[in-house]
Structures are given as structure tokens and as C-alpha cells.
Amino acid sequence: MSAIATEAALAGPVSPGRAGLIRQAITERKAAALGLGIIVFFVILALASPLIAPYSTTARSCAVFAPPSGNHWLGCDDGGIDVLSEIISGGRISLIIGFAATLIAMLIGGGVGIAAGYFGRWIDISLMRITDYLLVIPDLAFAMVIADVWGPSLSHVILVIAVLEWAATARIIRAQVMSIKQRVYIKRARSIGASHARIIGRHILPQVGPLLMANTVLTIAVAIYLETALAFLGLEDPSTTTWGTILEHAFDRAAVSAGAWWAIVPDGLVITLLIMGCFLLGQAIEDALNPRLRVAHLSSRRWALRPLAGRGPDAI
Amino acid sequence: MTVSSLLEVRDLHVWFSMPGGGELHAVQGVGFELGAGERFGLVGESGCGKTTTILAMMGLLPPNALVAGEVRFDGTDILAGGEDTVRPHRWTDLAMVFQGAMNALNPVRTVAAQIAEPMLLHKDTSASAARKRAGELLEMVGIPAASGARYPHEFSGGMRQRAAIAMALACEPKVLLADEPTTALDVMVQAQILELLVSLSDELGLALVLVTHDLPVVAQICHRAGVMYAGEVVETGTTDALFHATRHPYTRLLFAATPDLYGDEDVVSIPGTPPRLDEPIAGCPFRPRCDVVIDQCEHQRPVLLPVGGSAGHAVACHRAGGAA
Amino acid sequence: MTPDDVLLEVADLRTRYPVRRSIADRLARRPQRWVRAVDGVSFSLRRGEMVALVGESGCGKTTAAQTILRMVEPAGGTVRVDGRDITALSQRRLRPLRRGIQMVYQDPYESLDPRFRVRQTVAEPLLVHGIGASRAEREKLVAEALERAGLAPARLYLDRYPHELSGGQRQRVAIAAALALDPMLLLADEPVSMLDVSVRAGVLALLDGLRKDGKLGVLMITHDLSTAAHFADRIAVMYLGRIVEYGPARSVIADPRHPYTKALLSVVPDRDPRKRRKPQILSGETPNPVAIPAGCRFRPRCPIAVDRCAGEDPALASAAPGGHEVACLLA
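Residue numbers (our numbering), protein chains in the order written: chain Y, 56 to 371; chain X, 956 to 1279; chain C, 33 to 363.
Hints in this document: simulated from the structure, not taken from any laboratory. Any given hint might turn out to be false.
Pairs of lysine to aspartate or glutamate residues, derived as EDC-like cross-links and limited to a Cα-Cα distance of at most 16 Å, are as follows [stated by the list, open to error]:
1. C:Lys247 / C:Glu88
2. C:Lys294 / C:Glu88
3. Y:Lys242 / C:Asp139
4. X:Lys1129 / X:Glu963
5. C:Lys244 / C:Asp37
6. X:Lys1129 / X:Asp1157
7. C:Lys247 / C:Glu81
8. X:Lys1087 / X:Glu1127
9. C:Lys172 / C:Asp214
10. C:Lys307 / X:Asp1195
11. Y:Lys242 / C:Glu142
12. C:Lys244 / C:Glu88
13. X:Lys1129 / X:Glu988
14. Y:Lys236 / Y:Asp179
15. C:Lys307 / X:Asp1215
16. Y:Lys85 / Y:Asp342
17. C:Lys172 / C:Asp191
18. C:Lys310 / X:Glu1150
19. C:Lys247 / C:Glu222
20. Y:Lys242 / C:Glu105
21. Y:Lys236 / C:Glu142
None of these values were measured; they are calculated from a predicted model.
Next up, chain Y with everything else stripped away, as it sits in the complex:
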């Protein structure tokens, strides 16, 4: 067996394990790093909000619609409450809603997608029928109806968003699982006698993990957007401060006609910024997962001649 022993002289040390495409995607792309930075920034801000917020969000600290000043960087709203403090504190609730709704949506969507894709047949047909119904219902209209019927509360908003958002993820995961299921190593695991739970847990889940991750980040963006929209339409508990209720409040109290742009614009900007951050990161992970986006022939560059001047035959 010396023949094979020489073959064993494998080049290089054992690779340090697959840290995963996701980390690679983030380190290799500036946009991804920027997106991640934005998300991390807002998460820290939300966590530390009680410590950072300069003023109370319930008690007056300045004049009605006081413009930005040295003491109040972003001015004050109609109730004389510091806008900067509101944004910092409101982010906390907005992020909780976004993250919680997304977590639920991913659990349902991932589970349904894997079950439908893996087991196929009637399980697939029935689960996908439900998914299809959810996909064709207009999000906002449905959310409005539900929020209105259930009454405004934080947990209702989370549930409504989760129920709306899992279907798209389920579709994507199902498609991926169906293709993975055809791989020979899945067949091999089956022929060994591995149980369904083992095949899903050990072989399929790790393969759809990165895709699920990309979807999670993208869904957070959508969830925060939906939260803002619902709050703006007055379907959220008005006593809680979220980025959505800040906007709604400002419009309600005629901030626009009062010329108090500071009550609206900064809030709109942070919402936009966070959603953008999520999209940048989510897209980068999706791109990294799709090797077809890297193909060379899409480039207009061509192969080139190597000038051999100055290169002796030894150089070759």
C-alpha cells in the first residue's frame, strides 16, 4: 500500500474548518461590512438607550417645537420632548419588534420550507397552498385588518408581522431543500439507514443555514418597515414610543405645517439607514451564496497575451 501512502502526502496543513461563507462575504465586501456596522450600531444604541438618552421621553424638557440647539441637538416635538432621546429610546422597541417578528417568521418559514421540500407529496401540496394564500394577500391591508381586530398592542404587532413574513422564506427554503434532497450524499445517507431527523439535522439544515441567515437579515428590514407603517397608520399602541409612533405623532400634531422638520426627518433617516443596512448585509450574503454571480464571462475583459520579452526560456 506504499502507493497510496505517497498519495497521502497531502499538500498543506489540515484546513482550519469552514468558518463559513457568511464571514467571508462580510470580510470581502465593503457593503456587507457597512451593513453589519449599521446594524451593530443600532443594536448597541438600543441596548444602551436608558444610559445614553439625554432627556426623559415622557417629561417636557424644552419648548414646543423648539428647533435644534446646543442642549437639544435634534430639537423638540409638540410636547416639548427631546427628539434625540425619543429616537434613541424608540429604536429599542422598533428593534425588539423587528427581531422578534423575524425570529418567529424564520422558525415557521424554515420549518415549513424544510418539511415541504424534504417530504414532498401531500405535505408539500398542503403547506404550499397555505403559503400561496399568504403570499397573494396584500401585506399592509391584511396587517391593518388584523391589528384593528385584535387591538393595538406590541405582541399583536409582532405576531401580525411574523404571520405575514414567513411565507416568502418558506418558499425559498423549500426550493433549496428540494435541490439538496436530490444530491447523492443525501441518497447515500438514506441507504445507510439514517432517519429523516438525522438527514434533516445533519445534512440539510447546515446547507440551508446560510440562506436562512440571509433571509433573516432581509426580513428584519421588512419587519421594521412594516412596524413603521402600522404605527404610522395608528394601529399600534400610541403610548409606546417606537420610530413609527414618533413619525405618526409628528404628522398628527402638524409638525409639517409648523415647519418643525427636525421632528420628522431624523426619525425617517434612522429608519431608512437601518433598513438599508439590513439590505446591504442580506444582499451580500445572498450574493456570496450564488456562485453564478461571479462568472467571468459576464466581464468584458478578455484573455491577454503575455509578452515574453525579457523572459528567458528558464523563466517559463
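With chain Y fixed as given, assemble chains X and C onto it according to the hints.
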């Protein structure tokens, strides 16, 4: 050796720059020539550079490739000016059947329409003339012209491979480069396709370069062949000389690794793996797997030198005189 | 040959897939049509024996293997492994028996989970079947399996990912994973067709050695007659879902009796350019197994068919000593 070869490849090199820095020297000085109606086999295992060689001849390498050397068609070096000088010859003088081409047909267009397409792009041809020509080409590869109106999925694997060959012949090339044209096919269909390639080269005077890993296929249909290893041709000559007067140990072992239907001798495997091409190779690239190494093999890289016996037989081995 | 020797006995095995009916078919109430992928296959395999199932793509050889494994459900016939009929067992009761029947797949680039290290791939069957009480014991079994598959010393390979290995090494890992369970029957589906020529012989010699030094029986599915001729004890030539010729490898290769076998042998190219066989090229390709011709299934492409062949479907019958059987009225 023909006095005026139709196609002559000289000292062809291809490097690929790697994403993480560094270069991969995929083709390391390949040379061969062939005349009209001649069939030349380029044999080797995966990664030996045989496909890269013909892609370089066609100027179809990806943007991270650097090429050096000469590809002379009818005496002129078509590689001299890079893409600009290759383009006029591509498809009209040199054409290629890609590996897996039979599975790359557009499923929503008829076969005849797909064959006519390159003619409309490369020649001043009317649509009706191109369609007529597509029918002729199909007849040429053994498919009734009327079948051209059908879609690829209605064709069997063998018929799709025929259609892929017809497509390559659209602009009446003088040289056909075929990359593993029978690999995915069954033996019976393989025999049909090989018979077609032989008759095309005999009847049209088409020069054929057959790239394959399958030695018996080359032995049966090619006049001459080059055995490639680690980016270079290590032995070349008539197929008869390669089998009956083998000089390079790799060629000998490759034959020994190929089971013969009626032979009784043991089939052997060649130990080890080919060298990495992203690192410089010291000495003979085959040395670590060779069974007749001498000291010289370690330090000096052998070059392809003619050996006696038959015309055009050349070997890159220090022991070419006595070995094998 | 005592009955005890027989490890695998396949009798009249049939597998069929429904042809998808279009709406028009349903409206016109056309009957459901079936792809008869395996259409009455019978053969047996003894301990320590290698049988090659040879044929062109679409002849049903891979489906036959999948049916023997019960990865595909049979429509009829029986499969006995070690004397036990496994065709009627439920998948749950079959699971412990899977230990004894292992499969090696064609493409080692596809058959190993790219995220699993060699250690995990080889240990997986042990975990599935609850073999090896401790991690250390499993580790020992994994190392043994790797070394049996020719990957020695095992420690060099244990922590590798498939993409770090050559094709030949990957196929050896797949074989090691199969050997870890110490099976009695190994089904190898084109085990070397995706590998480089220079390493094929090594993998084949490995399979050959495994069955020669033990009780392991190997069923090799291949399209390559030369490989079958060199390594198998017996060859079964399949055409359109049925075995048309079956017998000792030497006898089948040197003295083929079925016109299909003769034609197949004639188109195998020879390494020696001076030996140009007269290829007897059959026209067309294997017909669609939805519409298997009446009478002898090979008749439409047969060079020697006579009228009688249209009316009678020949069964395998003894043609030469040594158990050489052929399904041809004219042989």
C-alpha cells in the same frame, strides 16, 4: 512530418492568475502540428491542460488567462495579435465542439435555427440560405434535414451530439477541435459518433484534434497523438508507435492502467497524484510517480526530443533511449 | 454451490414508474402507462463473488440496484439477502438490515457531504446504527475502515474535507464509510467511471481484494465491458430492463451468444491501433422502456431476427457449460 502543415502549435503556454494571488501554469510549452484530413489525439487525465490547450487555440480563455506561444494556421500566427487576430479565424477556420455541447443546446429553439444562427452572425447570408445550409449540415452528420424543425429534447443523446458537431461545421472550418466528444455517451453511440468524425475528416479533409482521456478511442481513430502530463506533451508520435514502441513511462503506465477486453495482464494504477501547477516544477514532473527514476530526473526537466524508430516520435524523458 | 453460499438472490424483479399523464390523456381516459425500468430480472450472487451488471444507459441496471436496496419500491418479484426476503419488509423493519447492504455511488464528488470531514463521513453509519459504545471505540473503527479502504495511515485523512482530496481518495472514503458497518453485500454503481484512468485500477483492485479475502459479495454496475471482463466473476448483460445474457465473465466475453452482447463487444475500442475490430454498429438507440417491443425486446435492432422472434419473448436458457445462459431463440 508534413512539409506545409495546416495547423502548427508551437511552445504554447497558458497561465491563469489566481484569485488569491499567484499563477497556475496550466499549459507549459505544448507543440504539435497536423495536416488536412489528419486526426490528432490529445490524451491525458483531468487537469493535464488538454482542454486549456484547445481553448487557447480558439482564443476562448477567460479573462484571467495569459497566453504565450504560436498557433500557426496556414503559416500565419493567429495568436500574434491576441483576440483581434484570433477572431477572424474562429469558427471559420478553427471550430470547436465543446465538452457537453450536446447538453448545452437551447431548449426552446429548433435545432435547425440554432445551427443557422452562427452563419447569420459570421457570414453575409440570408435567413433562407442559412436555413437551407442548416439542413445540409444536418444531413452531413447523419440527421434527416426535416428533423431540424424539432427541439433538442426530442433528440436522443447521440443525435444531439451530431447536432453539436453540425453546429461547429457551420462556417466550413478546416480544423475541428473536439473536446471529449463521446465521454457521456454509451459505447454503441460512441462508435457511431467516432465513425462520423472519421468520415468527416476523410471526406471533407477536415483536420481533427480529438481531446480525450480515453486512450483506446485515440488508438482506434487517430493517426498521431500527444500524451499530456502536467501541462506538457510528454510523448508524441503515431498512435502505432505510442502503443508498440512506447518510450515514456507515463504512456506505458497509462496503457497498463487501461483494461483490455481480451488481455490477461493485470491492470495497474499509477501511484501518487499529478504535481500542482501553481508551483514551479523542479526536474521531471512525472518523477514522483515514475518507476524508472534516475538522478538526472531530480534536477533537470526533460524536453521533448525526437527518438529514432518512426517519424515524428518524440519523448520528454531522460531515459528515452533505454527505458520502457 | 450450496444454498448457503448464495448471498443475494433476485427473482423476477420488476420496477416501474408511472408516466405522467397530460390533461388531454386524462380527458380521453387513456390508460396509465408505465416505464418498465426493470422488467423481470433474475440472478444470484454468492459470498466472495463479484457480479457485473453491464448495459447501456437506460437499460435499468441502476434502477435494479436501487430496487435491491429498496430505495425504489419493486412492483414485483423478490430480493433475498442472506436467505431473507426483504421485498415485503416495511422501511422501519428494513432499517437494521441496511447495515448488511451498502452502496458505493458513481460520483465521489457528489456522494460525500461537502461539510463533513472524512472522520464524520465514515463515522456516520456507525452512529446511525448505534455501533461503538464510546467516541474512542468509534474512532478506532473509523481508522480501521479507512485503512481497509487503502487510506493509510488513517490519521492523515481523518480531518480532511472532501474538497481537499483527489477523486480516487474520495471514492476510497465512500468505500470506507460502506465498510465501517462490515456489510456482507456491496453494491457499486459505476464506482470508477468518474475517476481518472490512472487511479481506476486501484479502486477496482480494492473492491476485488475485499471480496476475495472475505465473505463480502460485490454487485458492480458498469457500462464498461473491459472492466467487467477483468474484475468480475460473472457478467450479466442487461437490455431494456432484462438480463439477456448471464454467465462466467470469461465465457461471456470470449464466447458471446446473444447478438446484443456480440454487438456491444464489437464496439469496445482496443488499445492497440493495429487491432481494428469491425464494429457492428447497431442502428438507433435503446428504445423507450414505455413501449417495450412485443416478442423479443431486442428484435427491432437485431441483425439476425427472424419471424419467430416477433411472437415469442425468450427467457434465459442454458447456452454453454458453466452456467452460461442466454435469452435468445436463435442462440
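So, against the hints stated earlier in the document, which numbers end up violated here? Violated hints: 1, 12 and 19; rest satisfied.
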